[in-house]
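*Asks:* Residues in the sequence shown are numbered from 1 upward in steps of one, following the working numbering.
Any given hint might turn out to be false.
Unchecked claim - Per label pair, the in silico range of CB-to-CB distance:
id: 1; residue 1: Asn46; residue 2: Leu107; range: 53 to 61 Å
id: 2; residue 1: Lys20; residue 2: Arg101; range: 25 to 33 Å
id: 3; residue 1: Pro28; residue 2: Ala89; range: 21 to 29 Å
Stated by the list, open to error - With a cut-off of at most 25 Å between alpha-carbon atoms, the simulated DMTMM-like pairs for lysine to aspartate or glutamate come out as follows:
id: 4; residue 1: Lys20; residue 2: Glu41
id: 5; residue 1: Lys20; residue 2: Glu30
id: 6; residue 1: Lys20; residue 2: Asp59
id: 7; residue 1: Lys16; residue 2: Asp59
id: 8; residue 1: Lys16; residue 2: Glu30
id: 9; residue 1: Lys20; residue 2: Asp58
id: 10; residue 1: Lys16; residue 2: Glu41
id: 11; residue 1: Lys16; residue 2: Asp58
To be clear, the hints were calculated from the coordinates, so they are not data collected in a lab.
Ideal Cβ placement from N, Cα and C applies to all residues, glycine included.
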Amino acid sequence: MDLESSGHPYQQVAAKIAAKIAGGDLQPGERLAPIRQLAAEYGTTNATMQRSLAVLADDGWITRVPNVGVFVRNPDATTPATTAEVMRALEDLGAAVADLRQRVERLEGDGVVQAGRQPH
């Protein structure tokens, strides 16, 4: 996540909280204040704070426990892959699928696969 203050309000708030976590002001396992209190602290609405927390959860900064609270994640815990990592993995998978399709088409052209198929 970009820690600059540009972007939508929810991104700005998420960046501020992420900076506090990265800077050690918020410790792993620490419970964050309730949504209303956080919204007041950051001068935003409850809806904007909810969206900010969703971004932080998606980025691996926090963990939400239903009916319990929101907690700072342990940085040593397995974190979700970055968007760039996911995109690279998807591109690799796409290339692998394309390669497999070409192989199947070649085998079908040679009559190898046709013998094992039943009409539907």
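*Asks:* It remains to establish, for every hint, whether it holds in the given structure.
*Replies:* Hints versus structure:
A hinted range of 53 to 61 Å holds for the C-beta pair Asn46 and Leu107, which are about 58 Å apart. At about 48 Å, the CB distance of Lys20 to Arg101 disagrees with the hint of 25 to 33 Å. Hint check: Pro28 to Ala89, Cβ distance near 27 Å, so the stated range 21 to 29 Å holds. Proposed proximity of Lys20 and Glu41 is supported: the alpha carbons are some 14 Å apart, at most 25 Å.
A distance of roughly 12 Å separates the Cα atoms of Lys20 and Glu30; the hinted pair therefore holds under the 25 Å criterion. With a CA separation close to 15 Å, the supplied pair Lys20 and Asp59 stays within the 25 Å bound. Restraint check: the Cα-Cα separation between Lys16 and Asp59 comes to about 14 Å, which is no more than 25 Å; the hinted pair holds. Restraint check: the Cα-Cα separation between Lys16 and Glu30 comes to about 16 Å, which is no more than 25 Å; the hinted pair holds.
Restraint check: the Cα-Cα separation between Lys20 and Asp58 comes to about 17 Å, which is no more than 25 Å; the hinted pair holds. In summary, the hint linking Lys16 to Glu41 is supported, as the alpha carbons are separated by about 12 Å, within the 25 Å threshold. The suggested pairing of Lys16 with Asp58 holds, with an alpha-carbon distance near 16 Å, which does not exceed 25 Å.
Comparing the model with each earlier hint shows a violation of hint 2 alone; every other hint is respected.
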